Amino acid sequence: MESRNVRLDRLEKGGLQVEGLELTVGDIEREELWDEPAGPYHLPGIKDLRRWDHLLLGRYDSSYEPTRDVCDLCTFGPCDLTDGKKSACGLDISGQTARMNLLTTVMGAAAHLSHAREIVEHVIEKFGPDVEIDMGSKNDVEAPMVRVIAGTIPETVGDLLPVVEYCEEEMNHLTSATSTMQEGSPLEFDSKSLHAGMMDNLALEIADIAQISAFDMPRGDEDAPLAEIGMGTMDPEKPVVLAIGHNVAPGTSIIDYMVENGLEEEVEVGAVCCNAHDMTRINPHVNVVGALSKQVKYIRTGAPDVVVIDEQCIRADVLEECRKVGARLVACSGQAVHELQDVSDRDPGDIVEMMVDGEDGVFLPEIEKVGEVAIETARSVYEDRLGRKAIPEVDELQGIIDSCTECGRCDRACPEFLPITDAMVDGMEENGGDWSGLEELWDRCVGCTRCDEVCPVMDPMSVQETASEHRWKTERNVVRTGRGPINDTEIRNVGAPIVLGEIPGVVAFVGCDNYPDGGRSVAEVIRDLAERNYIVLTSGCSAMTAGDHTFEDGQTVYEMFDGRFDKGCVSNVGSCVANAHIVDAALKIANLFANVPLRDNFEEVSDYVLHRIGAVGVCWGVYHQKALAIANGAKRWGIPVVQGPHGVKFRRQELGRPDLDERWVVNDANRDYEEVQIEPAPEHLGYSAESIEEMAVMAVKLCMRPNDTRQGRMIKLTNYIDLYRKYFDEYPSDLARFVRHEKEVPLTEREEVMEVLEDRGWEPRETPNPTMLREEDRLI
Amino acid sequence: MTQAHSPGNVRVKPGADLNGAMLGKLLNRPGTLFLVGSQWKELPDGVLEPLVDGGDVILTGSANPPVEKVARMGVSEACHLLCSEGSLGGEYGQVVFVGIPHHIATGMLSKLKHYSDATAISLDRGFQPDANLAFPNLSREDWEEELGEAVERRSA
Ligand code: SF4
Ligand code: SF4
Chain A
1 MESRNVRLDR
11 LEKGGLQVEG
21 LELTVGDIER
31 EELWDEPAGP
41 YHLPGIKDLR
51 RWDHLLLGRY
61 DSSYEPTRDV
71 CDLCTFGPCD
81 LTDGKKSACG
91 LDISGQTARM
101 NLLTTVMGAA
111 AHLSHAREIV
121 EHVIEKFGPD
131 VEIDMGSKND
141 VEAPMVRVIA
151 GTIPETVGDL
161 LPVVEYCEEE
171 MNHLTSATST
181 MQEGSPLEFD
191 SKSLHAGMMD
201 NLALEIADIA
211 QISAFDMPRG
221 DEDAPLAEIG
231 MGTMDPEKPV
241 VLAIGHNVAP
251 GTSIIDYMVE
261 NGLEEEVEVG
271 AVCCNAHDMT
281 RINPHVNVVG
291 ALSKQVKYIR
301 TGAPDVVVID
311 EQCIRADVLE
321 ECRKVGARLV
331 ACSGQAVHEL
341 QDVSDRDPGD
351 IVEMMVDGED
361 GVFLPEIEKV
371 GEVAIETARS
381 VYEDRLGRKA
391 IPEVDELQGI
401 IDSCTECGRC
411 DRACPEFLPI
421 TDAMVDGMEE
431 NGGDWSGLEE
441 LWDRCVGCTR
451 CDEVCPVMDP
461 MSVQETASEH
471 RWKTERNVVR
481 TGRGPINDTE
491 IRNVGAPIVL
501 GEIPGVVAFV
511 GCDNYPDGGR
521 SVAEVIRDLA
531 ERNYIVLTSG
541 CSAMTAGDHT
551 FEDGQTVYEM
561 FDGRFDKGCV
571 SNVGSCVANA
581 HIVDAALKIA
591 NLFANVPLRD
601 NFEEVSDYVL
611 HRIGAVGVCW
621 GVYHQKALAI
631 ANGAKRWGIP
641 VVQGPHGVKF
651 RRQELGRPDL
661 DERWVVNDAN
671 RDYEEVQIEP
681 APEHLGYSAE
691 SIEEMAVMAV
701 KLCMRPNDTR
711 QGRMIKLTNY
721 IDLYRKYFDE
731 YPSDLARFVR
741 HEKEVPLTER
751 EEVMEVLEDR
761 GWEPRETPNP
771 TMLREEDRLI
Chain B
1 MTQAHSPGNV
11 RVKPGADLNG
21 AMLGKLLNRP
31 GTLFLVGSQW
41 KELPDGVLEP
51 LVDGGDVILT
61 GSANPPVEKV
71 ARMGVSEACH
81 LLCSEGSLGG
91 EYGQVVFVGI
101 PHHIATGMLS
111 KLKHYSDATA
121 ISLDRGFQPD
131 ANLAFPNLSR
141 EDWEEELGEA
151 VERRSA
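Chains as they are written, first to last, in the working numbering: chain A, 1 to 780; chain B, 1 to 156.
Take the hints with a grain of salt, since some may be wrong.
30 Å max Cα-Cα, derived DSS-like pairs, lysine-lysine [said to hold, decoys possible]:
id: 1; chain 1: A; residue 1: K138; chain 2: A; residue 2: K649
id: 2; chain 1: A; residue 1: K86; chain 2: B; residue 2: K25
id: 3; chain 1: A; residue 1: K726; chain 2: B; residue 2: K69
id: 4; chain 1: A; residue 1: K85; chain 2: B; residue 2: K13
id: 5; chain 1: A; residue 1: K743; chain 2: B; residue 2: K41
id: 6; chain 1: B; residue 1: K25; chain 2: B; residue 2: K41
id: 7; chain 1: A; residue 1: K85; chain 2: A; residue 2: K567
id: 8; chain 1: A; residue 1: K86; chain 2: B; residue 2: K41
id: 9; chain 1: B; residue 1: K41; chain 2: A; residue 2: K726
id: 10; chain 1: A; residue 1: K473; chain 2: B; residue 2: K13
Derived from the structure by calculation, the hints contain no laboratory data. Computed from a predicted model, the values in this text were never measured in an experiment.
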């Protein structure tokens with residue numbers, strides 16, 4: 001990598017303060033020490049990986065699902081795109097839909113990239129640029145994506161800045177491509193969406209390795225400690241500080257102040273969303289209040305004295321919600337300021353006084369002051385707050401429920417189509433006053449407050465909350481704290497069985513909790529897959545959902561299964577940015593098990609992942625643009641993704657056509673790169689399932705790879721058949737496509753299945769050494 | 001015009017309101033494909049079988065109703081094939097969505113609207129503006145009544 005000049009507005013270290021510092025960072029000397037051969041894609045630009053994208057999208061159709069008939073992005077419009085009509089700028093509905101998918105991906109990737117820059121700059125400002133990148137003694141391959149894309153081995157956090165700058169440059173080109181009268185081809189928009197996804201994934205890796213190194217978070221801890229999760233974990237009788245968002249920097253300030261002043265027993269600190277993961281990675285005594293859906297629900301209980309927000313996944317009306325209960329808001333990031341007064345120049349004591357005197361919020365981007373301000377404000381105001389809340393009292397609830405007019409507006413407004421009206425009607429006194437339906441809704445409700453917006457007489461979400469008060473007040477489970485990277489040592493143990501197919505697959509449950517029907521079924525699928533010896537990974541809100549539910553013996557999946565990266569284990573990698581470690585695990589398998597060089601070698605690495613590593617991402621509760629960005633990145637690396645039904649609102653799936661043999665032809669590296677037929681594996685690259693059962697079956701199916709050994713394929717088929725029968729109560733009709741040899745059919749079914757296959761003219765096939773590349777494109 | 005469940009999308013040609021009598025008549029047309037999804041159990045007892053009688057059925061999601069099917073596949077897969085010439089594209093003049101969860105159905109109906117010539121009918125209780133024909137947002141009682149009427153018309 002070339003050296004680059006980077007500018008820091010401010011550096012503080014050991015009493016030294018420098019403004020406007022210019023640094024030259026580079027790694028030319030280190031490159032000489034790294035003897036891995038380099039591929040052709042050094043810092044690939046917007047156009048450089050088109051060939052790979054076109055190969056992928058030649059196999060997987062872009063299935064467009066437009067959400068709008070018109071484009072109104074410029075003043076030529078709005079333009080009608082129905083019936084094959086083009087817009088004034090010449091774009092048709094496919095082009096416009098692909099463009100919107102790109103724009104959405106760029107939004108998500110920008111959120112992660114901005115986060116990465118803020119974390120890297122914060123670390124450099126606080127500790128200097130020489131903080132060593134340290135992923136622990138079990139990890140020599142510290143930053144696989146940086147190695148593949150930037151062709152460098154970063155040694156310090158300062159080394160990450162030029163990579164951030166590269167991503168920013170690419171993101172600018174990508175944003176430019178969405179403007180009117182630039183790109184015109186749907187395929188090229190799709191290629192750019194994949195590029196934006198790759199930028200996203202790289203930004204995740206940068207952010208997480210910087211924060212792990214600087215804040216001493218777990219470095220591949222195979223037995224990471226358990227943290228408490230649930231609204232009942234917080235003691236509302238104490239001063240309460242709630243952190244919301246994704247950037248852990250203010251959280252570190254809160255933890256430091258609490259620990260340095262010995263206030264752990266006196267003050268309750270908790271967090272929702274990814275901040276909760278990252279704060280527990282630093283101090284497992286921080287409480288995980290819950291996933292995104294708990295944000296407003298928890299504020300409305302009146303428990304938080306101070307709410308600290310940083311960036312991402314913060315409701316736009318957070319200040320209004322805080323005002324309802326008198327909680328003070330501290331905004332710490334320029335991304336979300338909420339018109340609050342900038343108090344950076346004031347002493348923490350003054351700021352506390354302001355808030356105690358009634359100021360309902362401040363903007364405080366001086367991170368080092370946040371801990372003192374938040375905790376001391378909470379300590380000063382909590383006694384006045386006790387008893388205040390924004391949900392009805394239990395003794396007034398019956399009257400409120402009885403006032404329901406049964407208009408049904410809440411049902412229509414609810415993004416999950418929950419039967420709110422039916423639950424209200426059952427809860428009415430004249431119908432016996434059964435509130436159990438409302439209680440059940442509380443579990444499935446994603447906390448969006450849309451029903452509150454339309455109801456003419458009440459806030460239905462708050463009604464549900466009071467009706468289920470006894471549940472959330474005692475809600476107390478456990479989530480494994482984020483372990484960070486998957487260790488090189490673990491990869492060496494499981495690389496072979498994964499690639500050969502003997503471990504049936506790696507299934508990663510990632511992303512948000514916009515679940516169409518609650519989170520319990522997600523935890524059930526995780527348990528089911530772990531029992532079937534899949535390696536199960538979790539992250540973000542999905543990781544919290546997994547810890548939110550217990551099974552017969554009162555245990556969560558984190559207590560039932562080990563936290564190693566091994567068959568039959570369930571590991572939480574951590575927050576959104578820790579998703580990088582899931583992709584990284586696949587890259588490490590390619591590198592450590594198969595010796596595929598990482599350096600500047602994107603195509604060959606991804607080709608390896610696509611054809612050999614049975615990994616699948618599941619984003620069942622997809623809601624944020626970031627989820628799309630993560631998914632599009634994973635797809636470009638060759639990892640298929642299954643989304644929940646809301647996923648179609650991102651407007652595109654990448655669907656294989658198993659009925660078209662010509663789509664499933666690869667080169668066989670064992671036979672002079674001669675073209676050979678393979679089975680449709682993985683069958684789709686991006687797929688939205690309508691039900692959790694369909695998701696489970698699809699996830700298992702998408703773990704098949706053309707490289708599976710016979711025994712590996714038999715194990716994968718056994719699981720596919722089992723789950724298909726369990727959920728659909730019949731045999732998979734496409735079984736024949738995946739059977740290459742009689743021995744791949746599970747023993748118990750062999751006779752029966754072979755009879756059917758032979759009747760259909762089935763013939764055995766060899767297992768190839770599959771690649772979509774030519775010999776000259778590969779280093780191995 | 002009935003308000004869409006997902007408001008705010010500017011639709012040039014929103015679908016029209018459907019009623020039981022109209023549905024009963026439409027279902028007698030040949031070349032009808034039913035996509036029956038995982039929420040089929042929300043239909044009143046005994047309605048599904050007479051509704052789909054005479055048409056081809058593809059089961060989607062985890063649906064497993066007691067009706068004869070021509071295939072099982074994801075609704076995403078089925079709609080993609082319905083928009084692909086040389087596959088299911090052009091095979092059916094009419095596609096009826098039954099028990100497909102609302103949000104994924106919205107995406108699929110939009111896909112059919114833009115990429116297929118088939119008439120798309122939604123039997124969802126909530127209005128689907130991207131279908132050519134869909135029930136307006138109905139209470140459960142009204143919905144059951146309309147479906148009952150459709151069945152009666154069919155058998156009449
Ligand atoms: S707050 Fe809950 S119940 Fe209300 S509309 Fe949102 S998801 Fe539905
Ligand atoms: S919107 Fe309000 S009044 Fe109308 S049905 Fe729902 S809870 Fe009842």
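Tested hints:
Distance check on the hinted pair: K138(A) and K649(A) sit about 41 Å apart at the alpha-carbon level, beyond 30 Å; violated. Note on K86(A) and K25(B): the hinted pairing is violated, with a Cα-Cα distance of about 36 Å set against a maximum of 30 Å. Pair hint K726(A) plus K69(B) holds up; C-alpha atoms about 19 Å apart against a cutoff of 30 Å. Distance check on the hinted pair: K85(A) and K13(B) sit about 13 Å apart at the alpha-carbon level, within 30 Å; holds.
Of the supplied pair hints, the one linking K743(A) and K41(B) is violated, its CA atoms being roughly 39 Å apart against a limit of 30 Å. Our distance criterion of 30 Å between C-alpha atoms is met by K25(B) and K41(B), whose separation comes to about 23 Å. Of the supplied pair hints, the one linking K85(A) and K567(A) is violated, its CA atoms being roughly 52 Å apart against a limit of 30 Å. For the hint linking K86(A) to K41(B), the alpha-carbon distance of about 41 Å lies beyond 30 Å, and the restraint is violated.
Between the alpha carbons of K41(B) and K726(A) the distance comes to roughly 18 Å, so the proposed pair stays at or under 30 Å and holds. Proposed proximity of K473(A) and K13(B) is contradicted: the alpha carbons are some 49 Å apart, above 30 Å.
The structure does not agree with the numbered hints 1, 2, 5, 7, 8, 10 stated previously, though it agrees with the rest.
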